[in-house]
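Protein chains: 2
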Amino acid sequence: MYRAPASDYDFLLRYVIDGAGILKATTDDEVTLDDVTDVLGHAGTLAADLLAPLNAPGDRVGSKLENDGVTTPPGFTEAYKTFAEGGWTSLGVPASIGGGGMPRIVANAAGEFWSAANTAFSLCPGLSQGAIAACHAHARDELRQTYVPPLVSGRWTGTMNLTEPQAGTDLAAIRTSAQALDDGAWSITGQKIFITWGDHDLAENIVHLVLARTPDAPTGLGGLSLFLVPKYLPDPDGRPGERNRVQTVSLEHKLGIHASPTCVLDYENATGFLVGQQNQGLAAMFVMMNQARLGIAVQGIGLADRAYQQAHAYAAERVQGRVTGRPAGTPIAEHPDVRRLLLSMSSAISAMRGLSTQVSAWIDRANTGHAEAHDADLVEFFVPIIKGWASEACVQITSDAVQVHGGMGFIEETGAAQYYRDARILPIYEGTTAIQANDLLGRKLLRDNGATAETALALIEASVATARAAEHPVAHRLADRLAAAVEAVRHSTRTILARADSPRDAFAGGVSYLQQWGLLAGGWMHARMLVAALGAAEDSASPRRIREADGFATAHLSQVHSLGESITAGEIA
Amino acid sequence: MYRAPASDYDFLLRYVIDGAGILKATTDDEVTLDDVTDVLGHAGTLAADLLAPLNAPGDRVGSKLENDGVTTPPGFTEAYKTFAEGGWTSLGVPASIGGGGMPRIVANAAGEFWSAANTAFSLCPGLSQGAIAACHAHARDELRQTYVPPLVSGRWTGTMNLTEPQAGTDLAAIRTSAQALDDGAWSITGQKIFITWGDHDLAENIVHLVLARTPDAPTGLGGLSLFLVPKYLPDPDGRPGERNRVQTVSLEHKLGIHASPTCVLDYENATGFLVGQQNQGLAAMFVMMNQARLGIAVQGIGLADRAYQQAHAYAAERVQGRVTGRPAGTPIAEHPDVRRLLLSMSSAISAMRGLSTQVSAWIDRANTGHAEAHDADLVEFFVPIIKGWASEACVQITSDAVQVHGGMGFIEETGAAQYYRDARILPIYEGTTAIQANDLLGRKLLRDNGATAETALALIEASVATARAAEHPVAHRLADRLAAAVEAVRHSTRTILARADSPRDAFAGGVSYLQQWGLLAGGWMHARMLVAALGAAEDSASPRRIREADGFATAHLSQVHSLGESITAGEIA
Numbered sequence: 184m185y186r187a188p189a190s191d192y193d194f195l196l197r198y199v200i201d202g203a204g205i206l207k208a209t210t211d212d213e214v215t216l217d218d219v220t221d222v223l224g225h226a227g228t229l230a231a232d233l234l235a236p237l238n239a240p241g242d243r244v245g246s247k248l249e250n251d252g253v254t255t256p257p258g259f260t261e262a263y264k265t266f267a268e269g270g271w272t273s274l275g276v277p278a279s280i281g282g283g284g285m286p287r288i289v290a291n292a293a294g295e296f297w298s299a300a301n302t303a304f305s306l307c308p309g310l311s312q313g314a315i316a317a318c319h320a321h322a323r324d325e326l327r328q329t330y331v332p333p334l335v336s337g338r339w340t341g342t343m344n345l346t347e348p349q350a351g352t353d354l355a356a357i358r359t360s361a362q363a364l365d366d367g368a369w370s371i372t373g374q375k376i377f378i379t380w381g382d383h384d385l386a387e388n389i390v391h392l393v394l395a396r397t398p399d400a401p402t403g404l405g406g407l408s409l410f411l412v413p414k415y416l417p418d419p420d421g422r423p424g425e426r427n428r429v430q431t432v433s434l435e436h437k438l439g440i441h442a443s444p445t446c447v448l449d450y451e452n453a454t455g456f457l458v459g460q461q462n463q464g465l466a467a468m469f470v471m472m473n474q475a476r477l478g479i480a481v482q483g484i485g486l487a488d489r490a491y492q493q494a495h496a497y498a499a500e501r502v503q504g505r506v507t508g509r510p511a512g513t514p515i516a517e518h519p520d521v522r523r524l525l526l527s528m529s530s531a532i533s534a535m536r537g538l539s540t541q542v543s544a545w546i547d548r549a550n551t552g553h554a555e556a557h558d559a560d561l562v563e564f565f566v567p568i569i570k571g572w573a574s575e576a577c578v579q580i581t582s583d584a585v586q587v588h589g590g591m592g593f594i595e596e597t598g599a600a601q602y603y604r605d606a607r608i609l610p611i612y613e614g615t616t617a618i619q620a621n622d623l624l625g626r627k628l629l630r631d632n633g634a635t636a637e638t639a640l641a642l643i644e645a646s647v648a649t650a651r652a653a654e655h656p657v658a659h660r661l662a663d664r665l666a667a668a669v670e671a672v673r674h675s676t677r678t679i680l681a682r683a684d685s686p687r688d689a690f691a692g693g694v695s696y697l698q699q700w701g702l703l704a705g706g707w708m709h710a711r712m713l714v715a716a717l718g719a720a721e722d723s724a725s726p727r728r729i730r731e732a733d734g735f736a737t738a739h740l741s742q743v744h745s746l747g748e749s750i751t752a753g754e755i756a
Numbered sequence: 184m185y186r187a188p189a190s191d192y193d194f195l196l197r198y199v200i201d202g203a204g205i206l207k208a209t210t211d212d213e214v215t216l217d218d219v220t221d222v223l224g225h226a227g228t229l230a231a232d233l234l235a236p237l238n239a240p241g242d243r244v245g246s247k248l249e250n251d252g253v254t255t256p257p258g259f260t261e262a263y264k265t266f267a268e269g270g271w272t273s274l275g276v277p278a279s280i281g282g283g284g285m286p287r288i289v290a291n292a293a294g295e296f297w298s299a300a301n302t303a304f305s306l307c308p309g310l311s312q313g314a315i316a317a318c319h320a321h322a323r324d325e326l327r328q329t330y331v332p333p334l335v336s337g338r339w340t341g342t343m344n345l346t347e348p349q350a351g352t353d354l355a356a357i358r359t360s361a362q363a364l365d366d367g368a369w370s371i372t373g374q375k376i377f378i379t380w381g382d383h384d385l386a387e388n389i390v391h392l393v394l395a396r397t398p399d400a401p402t403g404l405g406g407l408s409l410f411l412v413p414k415y416l417p418d419p420d421g422r423p424g425e426r427n428r429v430q431t432v433s434l435e436h437k438l439g440i441h442a443s444p445t446c447v448l449d450y451e452n453a454t455g456f457l458v459g460q461q462n463q464g465l466a467a468m469f470v471m472m473n474q475a476r477l478g479i480a481v482q483g484i485g486l487a488d489r490a491y492q493q494a495h496a497y498a499a500e501r502v503q504g505r506v507t508g509r510p511a512g513t514p515i516a517e518h519p520d521v522r523r524l525l526l527s528m529s530s531a532i533s534a535m536r537g538l539s540t541q542v543s544a545w546i547d548r549a550n551t552g553h554a555e556a557h558d559a560d561l562v563e564f565f566v567p568i569i570k571g572w573a574s575e576a577c578v579q580i581t582s583d584a585v586q587v588h589g590g591m592g593f594i595e596e597t598g599a600a601q602y603y604r605d606a607r608i609l610p611i612y613e614g615t616t617a618i619q620a621n622d623l624l625g626r627k628l629l630r631d632n633g634a635t636a637e638t639a640l641a642l643i644e645a646s647v648a649t650a651r652a653a654e655h656p657v658a659h660r661l662a663d664r665l666a667a668a669v670e671a672v673r674h675s676t677r678t679i680l681a682r683a684d685s686p687r688d689a690f691a692g693g694v695s696y697l698q699q700w701g702l703l704a705g706g707w708m709h710a711r712m713l714v715a716a717l718g719a720a721e722d723s724a725s726p727r728r729i730r731e732a733d734g735f736a737t738a739h740l741s742q743v744h745s746l747g748e749s750i751t752a753g754e755i756a
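Chain order of the listed sequences is B and Z. Numbering-wise, my numbering puts 409 at position 226 of the first sequence, and it's gapless, one number per residue. Numbering-wise, my numbering puts 592 at position 409 of the second sequence, and it's gapless, one number per residue.
One chain only, chain B, in its complex shape (with noise of 0.2 Å):
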């Protein structure tokens, strides 16, 4: 049993976040909140109705690769028209080019209803977003013309080829080779390795967006073009035609997300399309990254959250011993312990809950005529320490979930192992958490010299005055800590910018200071959060908000003191 927090999503945009103020701005007062109310309410439930019961057996049968391609497990071909006939696919696609038209703030929080009832099928689409986008913004007109509609319909679905056996993390070592042909089309050679829904059977047609070099072009990252190299080659009329030579050569054996077919794709001479300009591959890949970095983020919460929905419904059912202070045959969720744990698990979820629709929020200003100066550069530092902080927090927390079954949780049948299986891939792809506090340092910190974190603090230390001045000894209680936690972290982003000439010293600290940064960003969104719930009279949720918000400080933000510790030591000799 999956229930989507639509309602949580209804609170943060209407009391926490400025939700009317984007929608007017992005979608021009087209859009209502009841609307969005209503799209989240329909969203909910086919998560929850259509692709939840999928998802055990899903991990079960697994995808297969059989003689003519992949096979997903039963129901997932049917489940997927579904989805896309509803428009799910494109929820937050421009309408201008067919899509739902919604915000970010409105995708996002039905990404996580999807994560949440079947992360390996909602890793299908999720892709097809980056496809789109790339699409859209490098392509030329004829390519976008004949790819981009059946993206958005869903009839096709998109892929990203980064990886090589020796290329990871260092994408500098892209070995792939693009030879133009007469037509001004490619032809593409080389072998990409964990490729995400590679093959399926879900859609008529895939689309491949791979990394691969030119002749001549230059060695490192600087070398590296974009194509597009679609399974079938489209026909005169846009439909599936010639299949492109492109194999699935095997599936990765994993251990979670059964469902997603992870595949070794080899093109020998496949037909490609250069999207973007020759040797600008990683800027067009670079449109997806930071979507696809929040989208894993978002993931994280949902599979969290199910994970916990799974935890609290067994521990409210389960009667074992006597429970300190109650009444015999208390089910064990009134367990000291078990309690602690259930709210220092939903605590979490509601903190990374609030950070994403922040972060969305600021992507959708961002990407209209009403930002504010800081905008694009709060999403450029966020994006890598919700990615990190989510996708670490999803592991704990599944595995606080299989604690909370006892035995059980440790015996499949029972699910909660398959959440914590599936959790794992989340601080590693689309960049391991090192990567994230590498871009989080390198990339964002020092090179303004610390101006966005300062803006950061800045609005953190905005809500603790209003928290202050909020009439509630859980809310003053919170403000001291969240003070506190803002000394911490100014204290440590002034440890990391004296390190200039000591990077080695500097990126020890890295995700210890990301995690940091979660944190603190987490205690804001509570303090927020309570401050609005506190002043809202109609939200029947305030008190287990209330609660929330004292367990994450008590149980989380006091992490950050800890953490400074790592960043003040720097590379231990």
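Hints are computed from structural coordinates only; laboratory data are not their basis. Every residue gets a Cβ at the ideal spot worked out from N, C-alpha and C, and that includes glycine. Hints may be right or wrong, so weigh each one.
Stated by the list, open to error - Simulated DEER-style distance windows between Cβ atoms:
id, chain 1, residue 1, chain 2, residue 2, range
1, Z, Gly421, B, Leu248, 50 to 60 Å
2, Z, Asp232, B, Arg626, 45 to 55 Å
3, Z, Lys264, B, Glu249, 36 to 46 Å
Said to hold, decoys possible - Some chain B residues well away from chain Z (every beta-carbon gap over 12 Å; in silico):
id, residue
4, Tyr198
5, Glu268
6, Arg327
7, Arg428
8, Ala496
9, Ala556
10, Asp631
11, Glu721
Starting from the known structure of chain B, arrange chain Z on it as the hints suggest.
Relative to chain B, chain Z alone:
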């Protein structure tokens, strides 16, 4: 490739813990430290050469229930035969009953090697230890003479039968019944679940120790009796004879330890024999409990070390991109964050290994006439701490090992994923972490009003003074941090003791308090290991020990302070 850390145990027993004194007291000088070096060298070789290669295939094939019982994966029966013939099943069993006669400090070390090499396999001889101990301590002579020798020689193996579907943590809910028969034996009927190695083909007989209720027994824990129920009833010559009425109904489909069969056992008028007094079953079972719980901690250390060794080897080989401040071609082990992760892992493993050896030493001393007054109390106090701390840390370390592998970590063939899956049972079986914390608070801390806690803090303070006197900056830094951690734990202790009237507040902080103690004791062991390493001219590993001491204090010991907030907060209303 697994390499047993025999030299680390050599170091601990020669320079940190008074191994020579314990050998003198427990074996009357018959075993020397050189003998121990020899034994552990052989154990390490056997673990690496015989058991480790069966670990991955054991996971893939798993144990299977077939018509005539459980079949173990290829190679397991032959390996068990070699293992038993070498006397390794009873290394720590008293020589007076045919065992190897080694004290716990030695058996503990070998136990780590077996667990690291093949966790699933190691559970089988591990359970026999418990059966030997219970029979030896409580069974009447005739039973003892029949059952103990084949258990000691490893021809037969033992199991523990506690759990039923409605009776997991709460053993008071056990329903399995025992009816007296005319000949002094009993007829046992009921269903037991989660029975590790409950059936298999490694040995010629299996001896189940079963908790059940006699007619008119009191309800609750005081109405449980312990019965010995063999799979095959011994014939007059003591050889396995008639098949007893105990059947394996099914095996659990688990997240990990696939080679270890987890059985549902049906007893239907099976013949059993009372062990100890009627209604005293729990006391007899608890003979095994401390030993079993320390055993789980040791499993955690072994499995963590196996995962660490693999991650370290991978990182030392894998070249990927340019490493900050290092020449091209430097492997990822030199990336600041990979180095941080590896140090976090190895420093925790060394700390846990030190503490498990210290606890073993207290056990050994408590069993001799040379015990100090507090040895037995310290055992009781630290067993739940190390079980909870090391099992949770093992989950984190095996997760870190996946992370070091990047995308390859998520692929099952790599092996890192197996350790991550296997590890997840450790914080659950033999009592979840919350149960360990309840034990620490309810049966240890509150019962002696903090006396043993204060004894332990005083021991640690003595090591603070020694570290401060050493001439090394890392020792001074560690001494300062350890002193601060002692104060934090002392504060927590007082907070919990002051809550006799609000037990829910006390128990809400239980797991955090247990974790504080684990971290503090780990820091204590590092201080002692560091001082020993600085003083032992011939310790070639001393640079590593210095780094680990510094790394543990930075990354782990610092967490005692944030954990303190959860203890102070009590239950969040």
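How the hints compare with the structure:
1. Remark: the range hint 50 to 60 Å for Gly421 (chain Z) to Leu248 (chain B) is upheld by a beta-carbon distance near 55 Å.
2. Checked against the given bound of 45 to 55 Å, the beta carbons of Asp232 (chain Z) and Arg626 (chain B), roughly 48 Å apart, stay inside it.
3. Checked against the given bound of 36 to 46 Å, the beta carbons of Lys264 (chain Z) and Glu249 (chain B), roughly 42 Å apart, stay inside it.
4. Every C-beta of chain Z lies more than 12 Å from that of Tyr198 (chain B), the closest at about 23 Å, which supports listing it as non-interface.
5. Every beta carbon of chain Z lies more than 12 Å from that of Glu268 (chain B), the smallest distance being close to 32 Å; the non-interface claim holds.
6. The Cβ of Arg327 (chain B) sits about 31 Å from the closest Cβ of chain Z, beyond the 12 Å cut-off, so the non-interface label holds.
7. Look at Arg428 (chain B): its CB is around 25 Å from the nearest CB on chain Z, clear of 12 Å, so calling it non-interface holds up.
8. Every CB of chain Z lies more than 12 Å from the CB of Ala496 (chain B), the least distance being 18 Å, so the non-interface label holds.
9. Distance check for Ala556 (chain B) against chain Z: the nearest CB is about 32 Å away, which clears 12 Å, and the non-interface claim stands.
10. The Cβ of Asp631 (chain B) lies farther than 12 Å from every Cβ of chain Z, with a closest approach of about 20 Å, so its non-interface assignment holds.
11. Chain Z leaves Glu721 (chain B) outside its interface by the beta-carbon criterion, the shortest separation being 23 Å against a cut-off of 12 Å.
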